[in-house]
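Visitor: Chain by chain, the residues:
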Amino acid sequence: MEDKTVLEILDELKETELQFLPNDEAREGFMTIVKFMLLAI
Amino acid sequence: MSDSYQERIDRILTTVNHKEPDKVPILSMFGTYAIGYANGTLAEIEKDPRKEIEYFCAPHKDIYSDATLTSGIIADPLTARTVGSESYFASEDGQTIQNKENAPMLDSEYAKLIADPMDFIFNEMLQRKAKKLVGTTEEKHEVLKAMINRVITKGAIATELKEILKNEYNVPVLAGGYAYAAMDIVFDYMRGFKGISLDLRRRKDELEAAINALYDFSNKFMGIDPTSTSVPEFPFYATMMHVPTFLSPKQFDRFFAPTYEKLIKQIYERGGKLIIFLEGEWNNKSEFLNSLPKDFAIGIVEGDDIFEMKKKVGDNITLAGGMPVNLLQFGKKQECIDYAKKVVDECAPGGGYIFTSNRELISKGDVNKENLIAVNNFVHNYGVYK
Numbered sequence: 001m002e003d004k005t006v007l008e009i010l011d012e013l014k015e016t017e018l019q020f021l022p023n024d025e026a027r028e029g030f031m032t033i034v035k036f037m038l039l040a041i
Numbered sequence: 001m002s003d004s005y006q007e008r009i010d011r012i013l014t015t016v017n018h019k020e021p022d023k024v025p026i027l028s029m030f031g032t033y034a035i036g037y038a039n040g041t042l043a044e045i046e047k048d049p050r051k052e053i054e055y056f057c058a059p060h061k062d063i064y065s066d067a068t069l070t071s072g073i074i075a076d077p078l079t080a081r082t083v084g085s086e087s088y089f090a091s092e093d094g095q096t097i098q099n100k101e102n103a104p105m106l107d108s109e110y111a112k113l114i115a116d117p118m119d120f121i122f123n124e125m126l127q128r129k130a131k132k133l134v135g136t137t138e139e140k141h142e143v144l145k146a147m148i149n150r151v152i153t154k155g156a157i158a159t160e161l162k163e164i165l166k167n168e169y170n171v172p173v174l175a176g177g178y179a180y181a182a183m184d185i186v187f188d189y190m191r192g193f194k195g196i197s198l199d200l201r202r203r204k205d206e207l208e209a210a211i212n213a214l215y216d217f218s219n220k221f222m223g224i225d226p227t228s229t230s231v232p233e234f235p236f237y238a239t240m241m242h243v244p245t246f247l248s249p250k251q252f253d254r255f256f257a258p259t260y261e262k263l264i265k266q267i268y269e270r271g272g273k274l275i276i277f278l279e280g281e282w283n284n285k286s287e288f289l290n291s292l293p294k295d296f297a298i299g300i301v302e303g304d305d306i307f308e309m310k311k312k313v314g315d316n317i318t319l320a321g322g323m324p325v326n327l328l329q330f331g332k333k334q335e336c337i338d339y340a341k342k343v344v345d346e347c348a349p350g351g352g353y354i355f356t357s358n359r360e361l362i363s364k365g366d367v368n369k370e371n372l373i374a375v376n377n378f379v380h381n382y383g384v385y386k
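Going line by line, the protein sequences match chains A and B. The letter at position 33 of the first sequence is residue 33 when you use the working numbering, and the numbering goes up by one with no holes. The letter at position 297 of the second sequence is residue 297 when you use the working numbering, and the numbering goes up by one with no holes.
Bound-form chain A, shown alone (with noise of 0.2 Å):
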């Protein structure tokens, strides 16, 4: 697996493990939230 930073990685977990909520708009809004978290901590 080529080297891979943060945000492509979180890029691709919004889509394998957001699948559970309705729209690409849902997911991305809980991915913000995800990140503000990463951030705080």
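Read the hints as simulated data drawn from the structure, not as lab findings. C-beta: ideal position from N, C-alpha, C; glycine also. It cannot be assumed that every hint is accurate.
[What the hints assert, rightly or not] To give an idea of the chain B side of the interface with chain A (calculated C-beta under 8 Å), a few residues:
| no. | residue |
| --- | --- |
| 1 | Lys145 |
| 2 | Ile148 |
| 3 | Phe221 |
| 4 | Pro226 |
| 5 | Thr227 |
[To be verified] Restricting the straight-line Cα-Cα distance to at most 35 Å, the calculated cross-link-like pairs of lysine-lysine (DSBU-like) are:
| no. | chain 1 | residue 1 | chain 2 | residue 2 |
| --- | --- | --- | --- | --- |
| 6 | A | Lys14 | B | Lys145 |
| 7 | B | Lys204 | B | Lys220 |
| 8 | B | Lys312 | B | Lys265 |
| 9 | B | Lys364 | B | Lys194 |
| 10 | B | Lys166 | A | Lys35 |
| 11 | B | Lys333 | A | Lys35 |
| 12 | B | Lys294 | A | Lys35 |
| 13 | A | Lys35 | B | Lys132 |
| 14 | B | Lys194 | B | Lys131 |
| 15 | B | Lys250 | B | Lys312 |
| 16 | B | Lys265 | B | Lys204 |
| 17 | B | Lys51 | B | Lys166 |
| 18 | A | Lys35 | B | Lys262 |
| 19 | B | Lys386 | A | Lys35 |
| 20 | B | Lys333 | B | Lys386 |
| 21 | A | Lys35 | B | Lys47 |
| 22 | B | Lys145 | B | Lys220 |
| 23 | B | Lys194 | A | Lys35 |
Given the coordinates of chain A, assemble chain B onto it according to the supplied hints.
Guide: Just chain B, lined up with the frame of chain A:
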């Protein structure tokens, strides 16, 4: 506890619009106090996430309130540990959470932050505190996946907790979305107190540009769809004000206010409301509070004299607070009730007032619970508008 969920919301919205509701609304601010109240521990919550629901409901069984500010654990040590960060950790009592100052950005890195905030924060700065994010792609992938699953679990618990507070206790949660000020992002998570204090003197232009560059992130985090024309009037958007108490009015006007005003304007234009935790002292920033649209904001008064603030800004924003935690902790029951009466008598006429303590409750020992029960019951019965 017969007042319905909707009656309590109506009571709050009426006072926020500077009209007299049926009764003075009472706000509870149970942070990790709830865990101590339930004789629980953070370790138990980590073993069984549903314990968080049990613990954060416990005070509401005994203590009356018309709403609670937040629900559940906001700063979660397990989420931090998942990515290898020590920013949040349990205190020795096992019930409260401590925060280690979080200042991983160097002063020489402003140019990188300004050029591409997301790239700098997540692909460079983050790894300095999230020690598990320095490995191979596969390792980082597993750590981030675990962290996302932790956020999913926390989100499900928070949603269930709000539903139980609503359905079993009739208690609404006041804070919905968060309006996190861009300057507080720099202060809280990047440069810390010492760093930003120096930058305010030596790197003014870079700091200002960085705050502007972070605006989009704070805006996205607030979560308002830019194409929307309205947001619910309740719950409120919330801001925990961290850096402003350390700023002079001039610094506040230059660095903090411009992006923050732009952020909250979106709430106002869509019919929403804002609750601001006025941490520290705001006496010298009353001009800003009076510049907010009338009946738009609620300010929780922490370090200021609520009677003075009522005179200065109380016609424009609603004030919450007034009950000193140290009196609730050490005072006699009647002393507490007498003080609560004075606060209600002076602050409640005309609306625009919510009764609560002057600080969020963190530790079990922050208040004598019998005093808190007594003053909330007193205000609920005495604070009737005629």
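Visitor: Which hint numbers does the structure go against, in order from smallest to largest?
Guide: The structure breaks hints 4, 5, 11 and 19; every other hint is satisfied.
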